[in-house]
Amino acid sequence: MIRIDAIQKQFGDLVVLRDVNLKIEKGEVVALIGPSGSGKSTLLRCLNVLVPPDAGRIEIGNTRMVFGESRLQLKPKELAEFRRHTGMVFQHFNLFPHMTVLQNVMEGPVTAKKMNKQEAQELAMAQLEKVGMSIKANDYPSSLSGGQKQRIAIARALAMEPQVILFDEATSALDPELVGEVLSVMKELAAEGMTMIVVTHEMSFAREVANRVVFMRDGVVVEDGPAKQVIDHPKDERTKAFLSHFHANEH
Amino acid sequence: MYQWNFSWLWDNYDFLFSGLMVTILLSAAVVVAGLILGTVNALGTISRHKFFRIISISMIEVSRCTPVLVALIWIYYALPILIGVEISALTASFIALTLYGASFYAEIIRGGIQGVDPGQYEAGEAIGLMHGDILRRIILPQAIRKMLPSLVNQSVINLKNTSLVSVLAIPDLLYQGKLIALETFRPLEVYTVVALFYFALLFPLTMLVRHLESRNSVKH
Ligand SMILES: Nc1ncnc2c1ncn2[C@@H]1O[C@H](COP(=O)(O)OP(=O)(O)O)[C@@H](O)[C@H]1O
Ligand SMILES: [Mg+2]
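Sequences listed follow chains A and B, in order.
Under my numbering, the first residue of the first sequence is numbered 1, with each subsequent residue one higher.
Under my numbering, the first residue of the second sequence is numbered 252, with each subsequent residue one higher.
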């Protein structure tokens, strides 16, 4: 359902993605792990074309984008449309502070998709219900906790009815006691069959919820396999080193 | 001891009042036009197209590095020679004051826009919004709240600057005052009243700035 072919990206002289290839099936939950600076965020942002890759191909459902020679032809309108197929959840939530919770969730359907307000409101309320935040629909984000904000950010992504949701360290900015509520929402989405790519440092979550774990380092995919296998019995030395360092830090 | 005498005021009240109206209307026109041009130039300075950036930055820098009085006189006396068209004193004043005000508005607006967390722009992109919608619905509403005190403050300065147009014999508050003073030989009283009129116009605005500033500091 999602195909990433030979994606390359560099910033100035810094090559961040060398040649990334991935295929993800509908309903799969993929945990993307790797050391800081390995290019995980950049890969997610390329998938959502927040950052257009220098070369390669991305296919999501029936839409496809080719980068490289034709890069100059990317039209803002096509990019915006492409982004509507992917939801993105950021580390720092990035809710719109001047809008109520409900308006945050309605913004995409109303302004990007031109859905009528009534319909958008029903859709938004349903998504807020799903993340357990419908009682806060008329509050402003500034009055909410980090965990609540992130659940609303997830509802905002869901309201676009995307084919895949990308999570970039969605729980890293949260106080430890608030991580659980966000992970449990993500777990529910996974159980409902939502396709998800999750950049995370929560190894137990990756092991338990993800179907697959992809380990990246220095802009390439080093190891890719079933979650339990990669985490419990990594094959590549670099994956072993990363995970052992991780376990060492955990205790 | 100086004998204050305000009896002239009853005869010249209309005259002074018409000057006040000119000052208010000119100020309003300069603020509105300046805000429009300032917004356009602010967007120009952060445009992705180099052409727009160069145009806007040039316009801003030329305007704010020229004293208003010099700009007034240059546009009224020198520009017509260059373009071969007479410019009325009022038009020249309007242009000079607007350009000057707009350059400062533009910098305030640019700062306000760039002060909004870049994550806000990305979040807008991520839900599939186009550049214009992101600016209009997400960036500007947040930026305006932050820059409002500075914009009102700059408007206070713009209003004060309108007093310079009396050098081109535009019958504003100060110019009318000057005529009355010459006629009545009461400069102390007349100019005191003129100053009080300006104060009465400006004081509510500076109070508004204080109010907006305190509101922003409570919010964040
Ligand atoms: N917009 C950018 N401009 C320049 N360098 C960037 C940019 N975004 C990311 N980088 C660099 O790319 C590298 C990979 O970053 P990132 O994808 O955020 O890694 P990760 O998410 O795995 O920690 C880092 O060295 C980072 O400094
Ligand atoms: Mg990252």
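Hints are not guaranteed to be accurate.
[Claimed, not checked] Calculated cross-link-like contacts (lysine-lysine; reagent style DSS-like; alpha-carbon spacing at most 30 Å):
(1) A/K136 with B/K397
(2) A/K77 with A/K136
(3) A/K130 with A/K114
(4) A/K26 with A/K187
(5) B/K301 with A/K75
(6) A/K130 with A/K228
(7) A/K130 with A/K113
(8) A/K77 with A/K114
(9) A/K77 with B/K301
(10) A/K117 with A/K23
(11) B/K397 with A/K117
(12) A/K228 with A/K23
No wet-lab data here; the hints were simulated from the structure.
Verification of the supplied hints:
1. A/K136 with B/K397: Holds, at about 26 Å.
2. A/K77 with A/K136: 33 Å, violated
3. A/K130 with A/K114: 23 Å, holds
4. A/K26 with A/K187: 16 Å, holds
5. B/K301 with A/K75: 19 Å, holds
6. A/K130 with A/K228: Status holds; Cα separation ~28 Å.
7. A/K130 with A/K113: 21 Å, holds
8. A/K77 with A/K114: 14 Å, holds
9. A/K77 with B/K301: 21 Å, holds
10. A/K117 with A/K23: 36 Å, violated
11. B/K397 with A/K117: 29 Å, holds
12. A/K228 with A/K23: Holds, at roughly 19 Å.
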